[in-house]
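Throw the hints in and build the complete structure from the sequences for me.
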Amino acid sequence: MSDYSPNSRFIIVFISIHDVIKSERLIKEKGFDYQIVPVPSNISSECGMCIEVDGKSIAETKIELENINIFHNIYPI
Amino acid sequence: MNLYFDNASTSFPKPQEVGEFINTYLNQGGTYGRAAYPRVFEASKMVEETRFMLSKYIGTSLVDNVIFTFNSTSALNTLIQGFSYKYKKILISPLEHNAVGRPLEFMKVSQGVNYQTLPHDDDGLINLDKLKSLKLNDIDLIIVNHVSNVNGLIQPLKDIKRIIGEIPFIVDASQSLGKVPVLADEWGIDMLAFTGHKGLNGPTGIGGFFIRNPKLVEPMIYGGTGSNSEKLVLPKFCPDRFEAGTQNIMGIYGLLGALKNQPKIKYTIDAYYLLLQRIKELSDIKMLISNSLENQSDVFSIQPNNVEVSLFTKLLYDIHKIEVRGGLQCSPLTHITLDTFPKGAIRFSLSNFHTDSDLNHLLSCIIDIHERLQSK
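Here the protein sequences line up with chains A and B, keeping their order.
Everything in the first sequence is counted per numbering that gives the first Met the number 0, starting at 0 for the first residue and increasing by one.
Everything in the second sequence is counted per numbering that gives the first Met the number 0, starting at 0 for the first residue and increasing by one.
Hints were generated in silico from the structure; no laboratory data involved.
Possibly wrong hints are sitting among the right ones.
Distance condition first, Cα-Cα at most 25 angstroms in a straight line; then the derived DMTMM-like pairs of lysine to aspartate or glutamate [as the list claims (entries may be wrong)]: (1) A:K61 / B:D184; (2) B:K235 / A:E28; (3) A:K21 / B:D184; (4) B:K44 / A:D2; (5) B:K259 / B:E104; (6) B:K44 / A:E28; (7) A:K29 / B:E229; (8) A:K29 / B:E48.
Fair warning: this is a prediction, and the values are worked out from it, not measured in the lab.
Okay, structure coming up:
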């Protein structure tokens, strides 16, 4: 978890919109700072949405997502 | 007075929130995925909320595996035609709708798939003792209509699944979802098709299915999903695997309005049973109901002797403005089972908005038309 600098921001990319919506609800309930953003084209040619989270929340977010078996990838931005 | 008794065709009235939610969507716009601006996110969230609420009605924790289609027929066609058959042998209930019968007949002619009827009693109830003694080792698939759209009989899904074991089990819940409890996970239902505009009181044009193991079925529709777009093959995960193309988001909004505002049942079960009993006492009328009231839903039919079904139906409307459906109700297989083919029957189907007074009025109208025709 030390890879996640608290001063950086990260994006979490999911395989489906279903998982984006499910994860957004979870992140919102946790009170984390986040926003819905387009998937950056250097990561995927996908035209959908992903979730941007700050470095202070990313480690806990990752644990929460793993707890409910949501497949995702995290990228620093 | 609520004179509409054709809720098995489509429910009416709808909760007023159905229209309100549809109007919200029309003013707000947005599609499912494909972008990240707030209008899209909001629409996507509503779609997923609807999917979640439907999973509760279906009784499954596998929310991703609840798929939207246009109606039950498109859902059943996907499940039946997309299934991978090994032995080409299917067993079906004796009370199937053409949404099952016609795809099966098409596959019989085009692919040599054979289908036969499960053992049953004279009201169409699947006979569990006889089912236990059947050899099922070369059966690919078993399909059962949960609630008949003709006599309203409720099939014992839990008991059937217990007997058939691992054989994939498709349930047609077109008439049951929203009216009769469904517990897909607890009962071990593998696949279930439903529509939004009957028992769930939503708008037409939105339905769907639940599939426990998506690998069992190949998708019927191929196209854009907003996911894995760099590849020319559909994603393997649900719901995207079965939801190519823009879904009926306006219909989904309307359905969500209905799911959040389901009407509580206004008539009493005693008044309903009394209605059935009184009609049963009329001479020269064949009553199409289950043999036991325990298995009876809010749908039933009658077949008058020596009188055309269409004439009885027409007089009910012309004289009393009662709206019902006469004929075969798209269920020739059911009418063959119930020995009412090809004449058909007059079907009455209630909604939760009906009151005891509505049921009493319906009885008086049926008696009146019956007496008029008897005296001719």
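Results of checking the hints against the structure:
1. For the suggested pair A:K61 and B:D184, the alpha carbons sit about 29 angstroms apart, so the restraint of at most 25 angstroms is broken.
2. Taken as a hint, the B:K235 and A:E28 pair is broken in the structure, with Cα atoms around 30 angstroms apart against an allowance of 25 angstroms.
3. Pair hint A:K21 plus B:D184 holds up; C-alpha atoms about 21 angstroms apart against a cutoff of 25 angstroms.
4. Taking the CA atoms of B:K44 and A:D2, the gap is near 31 angstroms; set against the 25 angstroms cutoff, the hint is violated.
5. Between the alpha carbons of B:K259 and B:E104 the distance comes to roughly 38 angstroms, so the proposed pair goes past 25 angstroms and is violated.
6. Restraint check for B:K44 and A:E28: the C-alpha separation of about 15 angstroms stays at or below 25 angstroms, so the hint holds.
7. The suggested pairing of A:K29 with B:E229 is violated, with an alpha-carbon distance near 33 angstroms, which exceeds 25 angstroms.
8. Pair hint A:K29 plus B:E48 holds up; C-alpha atoms about 19 angstroms apart against a cutoff of 25 angstroms.
The structure fails hints 1, 2, 4, 5 and 7 (numbered hints given earlier, in ascending order).
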